[in-house]
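Student: Sequence:
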Amino acid sequence: MSLDKDGDVLKEIGDATNEKKMLNYKTSLAKNQFINEIKNGLGDEIKKGGNKFKVIKPNIWQKIRIIMNKIFTGF
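Heads up, the sequence shown is in this note's numbering, so the first residue is 43 and it goes up one at a time.
Simulated from the structure, these hints should not be mistaken for laboratory data. Check each hint, because a few of them may be wrong.
Claimed, not checked - Listed below are the simulated BS3-like cross-link pairs for lysine-lysine, each with C-alpha atoms no more than 27 Å apart in a straight line: (1) Lys63 <-> Lys53; (2) Lys53 <-> Lys68; (3) Lys90 <-> Lys105; (4) Lys73 <-> Lys63; (5) Lys73 <-> Lys47; (6) Lys81 <-> Lys96; (7) Lys105 <-> Lys94; (8) Lys47 <-> Lys68; (9) Lys68 <-> Lys81; (10) Lys73 <-> Lys62; (11) Lys99 <-> Lys112.
The task is simple: from the sequences and hints, build the whole structure.
Tutor: Okay, structure coming up:
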């Protein structure tokens, strides 16, 4: 009777390790797919935009907030 119990325990351990391996594989696969999607999306964006770039300037309120932060964090 203890042999069956030991065999069941070993089977449970084997199943758990296989499930862990499967989850790690699925996670790495999903990460790789996500990275490939980002790379492909960036390629399309570059093709549409060409060599153009856009300068983003802060508005007056953002400039004031930056100056105030510099003043108060300097003390």
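Student: Broken hints, numbered, in rising order?
Tutor: 3, 5, 8
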